[in-house]
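Trainee: One letter stands for each residue in the lines below.
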Amino acid sequence: MTSISFSVRLEEERVSFWFVVTDSARNVTTVPGSEVEAAIRMNRNRINSAFLLTDNTLQFLKISSTLSPPIEPTVPVWLVVFGVVLCLVVAGILLLVVSGIRQYKKKNHESAETGDLEDNSNTPVTTENGIPCDILDLKAGQINGVYAADDERLTPL
Amino acid sequence: MEKPRPLWGNPLQFVFACISYAVGLGNVWRFPYLCQMYGGGGFLIPYFIMLIIEGMPLLYLELAVGQHMRQGSIGVWKTISPYLSGVGIASVVVSFFLSMYYNVINAWSFWYLFHSFQDPLPWANCPLNSNHTGYDEECAKTSSTQYFWYRKTLNISSSIEEYGSIHWEQAVCLILAWLVVYLCILRGTESTGKVVYVTASLPYLVLFIYLIRGLTLHGAVNGLIYMFTPKLEQLANPKTWINAATQIFFSLGLGFGSLIAFASYNEPNNNCERYAIIISLINSSTSIFASIVTFSIYGFKATFNYENCLSKVILLLTNVFDLEEGALTADNLDSMKDYLISTYPNQYAELLPQIKNCSLEAELDTAVQGTGLAFIVYSEAIKNMEVSQLYSVLYFIMLLMLGIGSMLGNTAAILTPLTDSKFLSTHLPKEVISGIVCFINCIVGLVFTMEAGNYWFDIFNDYAATLSLLLIVLVETIAVCYIYGLRKFEKDLLLMLGHKPNWYWKIMWAFASPVLIISLFIFYLTDYIRTGTLQYQAWDATQGQLVTKDYPSYALAVIGLLVAASTMCIPIGALIIFIMKRLKKRSVSTLE
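Going down the list, the sequences are from chains F and H. Numbered by the working numbering, the letters in the first sequence go through residues 1 to 157 in order. Numbered by the working numbering, the letters in the second sequence go through residues 158 to 749 in order.
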């Protein structure tokens with residue numbers, strides 16, 4: 001059981017005090033300074049809240065307060081966001097590339113199909129200007145009646 | 158039958174693409190700096206004069222040429238004269254250099270964006286040192302935002318000779334940035350045309366939100382007053398005019414071939430004259446808009462720091478002289494200081510080194526430009542706002558949109574000539590060509606993610622494009638006016654637009670702009686020659702600030718190579734065509 005006795009000496013305008021820690025169990029001897037320092041370091045928060053003060057407003061001379069480390073989340077947040085964005089972008093690229101390949105294949109397939117259709121219609125009948133060739137196969141040819149009676153219009157040499 | 162040339166879905170896509178390309182990071186981080194350095198509100202006078210003399214005419218020229226010839230930069234200049242094919246190649250080379258290093262900025266924007274989802278923001282506080290008794294040494298000497306930029310983002314070494322290793326976090330951000338660019342250019346104008354709706358309009362939305370937020374911040378008015386007070390004596394300084402001309406020139410992105418590429422996907426009767434005027438006016442007004450936002454942020458940051466400084470001094474004096482709380486305020490500080498000096502001269506003298514002279518002007522005077530402004534100053538201001546995560550996310554999304562919009566133009570400048578060339582387009586589909594270009598750029602860009610990468614970035618930023626572009630645009634203007642012929646060009650415009658260009662355009666094209674570019678060129682050359690050895694700013698971790706160092710000889714060699722690689726294309730191209738024609742003539746004459 002320890003009891004702390006204070007002797008308060010108002011040396012400066014600021015509220016400051018010296019204190020001595022005595023151990024009643026050990027015949028009221030003063031506890032060594034190093035032990036007191038270690039105890040204060042460990043329980044700084046409790047002492048601060050007992051006085052309703054903070055590290056900035058309650059200073060123990062020779063005991064510099066350790067700063068609380070910044071809160072580090074377990075997973076670095078930036079990697080999470082990065083992963084999300086990366087997946088979205090890669091998905092977009094794959095989508096565009098795959099749809100592009102599919103369009104290209106469809107176009108090739110279509111042009112191949114229309115090429116086949118034209119070949120099929122040509123094999124049975126050869127046509128020239130829409131008229132089947134075997135009809136045109138005349139030796140003498142055909143006389144066009146429009147020009148038949150035009151001998152008088154020819155200029156004499 | 159040849160495949161028809163892809164076109165923009167509607168003329169609005171073309172305008173948005175040009176705006177998205179021209180309105181880039183330079184409007185946000187260079188113009189406010191120039192405004193501050195060269196006369197505040199008075200800088201707008203040389204700025205608008207230069208816009209009228211060189212900005213609008215040269216923009217109209219490039220758009221008209223691209224729209225008429227309907228080809229990328231290499232094809233266009235080859236058509237005008239075979240001896241000028243080197244100009245197109247020089248444009249492609251400069252665009253290639255630009256896209257190599259520009260996307261690294263997008264990687265940094267991604268990095269900051271991903272880190273904005275934390276509370277508190279990671280650049281708000283310094284990390285602790287190893288035994289948790291204080292802050293990290295480097296961070297304590299400088300500020301937490303500078304520490305986050307130089308140590309956490311760049312992990313910068315102390316000089317360009319110390320390469321270090323690749324910073325893997327930056328490398329993956331760079332790969333992501335290139336994947337995003339590839340996604341946008343994958344399908345050519347089909348995909349680019351849709352993306353530019355977003356990249357052109359979103360920055361304005363964010364700037365508007367920031368304008369409202371910025372103007373309502375405490376101390377913003379100080380920044381605005383400081384910026385807009387015209388210091389008209391700066392108009393007598395020739396550097397003011399040179400910087401105004403340079404800013405207009407580079408801000409519009411002339412000479413890279415991007416504008417020619419965008420215009421080549423237009424309908425032939427598109428009214429590019431009207432659009433040239435609209436685009437250049439929008440670009441300049443965006444610069445002014447952005448500087449209003451920037452200066453209200455500056456004012457806020459400067460006032461915040463000034464008041465912090467004052468309260469630190471007040472606390473120090475209150476503690477040392479045991480004054481009661483509230484005895485010292487910002488208003489009576491000066492008179493109280495005099496009183497204390499007279500009553501306690503010895504104690505005050507001892508204290509003197511610790512007392513800083515807080516000055517609002519000194520805080521406002523810290524003019525910063527470039528990455529320092531975008532990533533250090535702005536993030537410092539953001540961390541002090543309420544709901545800082547939201548503003549941070551908005552701001553870095555805006556930087557991303559600006560950067561990606563410019564990247565779309567850069568890659569279009571490279572890809573349009575490549576896809577136009579019959580050799581490549583018959584063997585490879587355009588998706589594969591785009592993929593190869595992005596891949597090569599990404600691999601080379603990994604150099605900028607090394608520890609000394611930022612120093613190489615500065616080399617590329619300062620030297621890759623500046624001199625070459627001036628030469629390219631000069632040759633372009635002379636080619637169109639004198640080699641192709643101004644009358645022929647007038648007739649082409651009559652065909653396309655239905656009316657001939659009026660005397661203003663003709664005078665600017667034929668006389669004013671070439672003269673201006675030649676004088677800029679001479680100024681740059683004399684400046685390079687006069688300064689002797691080139692120097693750079695290196696980050697010294699032990700002092701926590703930038704120090705000036707000389708470039709080593711191999712860095713100077715790289716600079717020389719960068720400039721030569723693009724500028725030499727023009728004469729070498731002409732020479733090769735000349736030799737080929739001679740050989741053909743000789744072979745023809747031997748046949749006869």
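These are calculated hints, taken from the structure and not from any lab test. Where hints are given, some of them may not hold.
Which residues of chain F face chain H? A few of them, derived with a C-beta cut under 8 Å, are [to be verified]:
(1) I47
(2) L86
(3) L96
(4) V97
(5) V98
The C-beta atom is built at its ideal place from N, Cα and C for all residues, glycine as well.
Trainee: A separate judgement is required for each hint: does it hold in the structure or not?
Mentor: Against the structure, the hints:
1. I47: violated (18 Å)
2. L86: With a minimum Cβ separation of about 6 Å from chain H (threshold 8 Å), the hint on L86/F holds.
3. L96: holds (5 Å)
4. V97: holds (6 Å)
5. V98: Violated - the Cβ of V98/F stays beyond 8 Å from chain H, reaching only about 11 Å at its closest.
Checked against the numbered hints listed earlier, the structure breaks hints 1, 5; every other hint is satisfied.
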